[in-house]
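Colleague: For the protein sequence lines, the chains are Y and E, in the order given. Position one of the first sequence corresponds to residue 1 (the working numbering), numbered consecutively onward. Position one of the second sequence corresponds to residue 1 (the working numbering), numbered consecutively onward.
Errors might be hidden in some of the hints.
To be verified - 16 Å max Cα-Cα, derived EDC-like pairs, lysine to aspartate or glutamate:
no. : chain 1 : residue 1 : chain 2 : residue 2
1   : E       : LYS147    : E       : ASP85
2   : Y       : LYS75     : Y       : GLU105
3   : E       : LYS147    : E       : ASP83
4   : E       : LYS147    : E       : GLU84
5   : Y       : LYS87     : E       : GLU47
6   : Y       : LYS87     : E       : GLU44
7   : Y       : LYS41     : Y       : ASP93
8   : E       : LYS40     : E       : ASP70
9   : Y       : LYS87     : E       : ASP83
Note that these hints are calculated values from the structure, not bench results.
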Amino acid sequence: MSQPFQIEISERDGARILSISGYLDAHTAPAFESAIENELKSGKVRLVVDCAGLTYISSAGLGVFMSFLEEIREKGGDIKLASIGPKAFQILDVLGFPRLFDIVETVEEAAGRFGPPGGARDGCL
Amino acid sequence: MARRGGREMDAFERTFTLLVPSSTGNLAMIRDFVASVGVKAGFEENEVARITLAVDEACANVIEHAYSRDEKGQVTIRATLDDEDLAFEIMDNGRGFEPLRVSEDDVAELIRRRKPGGLGMRLIRAVMDDVKYQITPGEMNGLRMVKHIRRG
């Protein structure tokens with residue numbers, strides 16, 4: 001049986017890390033959408049989505065990334081994807097995501113790619 | 001159609017059917033069904049994952065557009081496996097819509113307009129070898145997707 005969908009939120013180097021696990025389909029995408037909306041409402045625009053635990057993604061999940069990208073970048077932030085597995089990556093690739101999104105190997109690297117967030121960056125990477 | 005104990009020359013063909021209420025909560029069950037049939041057809045793991053995605057996208061479209069998320073509808077997924085092809089037919093009795101007539105805008109343009117619709121059909125076309133849509137007004141809508149089985 002497939003795993004359900006879960007989101008855990010943490011912080012690293014001034015970026016918000018949304019660790020998603022399980023499947024992101026038309027059923028679970030609304031939960032992911034609200035999680036990102038909550039971040040934006042509280043003024044957080046440096047987002048890293050840690051996809052290490054993601055077992056499946058369909059266009060409904062990809063649509064969430066797409067619908068927020070422009071707004072987040074206009075506000076000076078970004079939504080970066082980290083630790084995405086080969087199965088999910090091949091789907092992103094079909095749609096040309098690698099040209100449009102910053103897709104990074106690790107969460108550490110993704111978080112480090114944001115500029116200094118008002119002095120909060122460790123600089124120890 | 002091959003019958004059990006029929007002539008040996010008949011093409012080998014098997015049919016598997018899943019009928020579920022039109023709720024996105026059933027997409028996981030639909031994917032499990034499709035993956036099982038894909039494995040049975042002999043596709044390798046990555047290909048099974050891609051076929052599963054295509055059927056998920058088609059069913060999600062039916063739930064959202066044909067039934068407007070009304071869970072009283074039903075979605076039928078019929079898989080037919082023969083020597084050459086694995087075919088999936090997705091059937092519903094909802095409002096007929098034309099999924100092939102989707103926006104051809106590129107993904108960058110969809111992001112600019114903050115409108116992510118139409119991605120599902122794009123993925124279906126990328127994965128399946130043949131995609132056809134049939135509407136019988138007031139009766140049934142069906143999307144038929146075929147994946148060729150390449151042997152050897």
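Colleague: Determine for every hint whether it applies to the structure shown.
Modeller: Hints, one by one, checked against the model:
Under the criterion of a C-alpha separation no larger than 16 Å, the hint pairing E/LYS147 with E/ASP85 is consistent with the structure, at around 6 Å. Restraint check for Y/LYS75 and Y/GLU105: not satisfied, since their Cα atoms lie roughly 24 Å apart, outside the 16 Å limit. At most 16 Å may separate the alpha-carbon atoms for a hinted pair to count; E/LYS147 and E/ASP83 meet this at roughly 12 Å. Taking the CA atoms of E/LYS147 and E/GLU84, the gap is near 9 Å; set against the 16 Å cutoff, the hint holds.
Using a Cα cut-off of 16 Å, the hinted pair Y/LYS87 and E/GLU47 holds, with the two alpha carbons roughly 10 Å apart. The hinted pair formed by Y/LYS87 and E/GLU44 meets the criterion: a straight-line CA distance of about 13 Å does not exceed 16 Å. For a cut-off of 16 Å, the pair hint linking Y/LYS41 to Y/ASP93 is broken: about 30 Å separates their Cα positions. A threshold of 16 Å between alpha carbons decides the hint, and for E/LYS40 with E/ASP70 the separation of about 32 Å lies outside it, so the pair is violated.
For the proposed pair Y/LYS87 and E/ASP83, the alpha carbon gap of about 27 Å is over 16 Å, so the pair is violated.
Checked against the numbered hints listed earlier, the structure breaks hints 2, 7, 8, 9; every other hint is satisfied.
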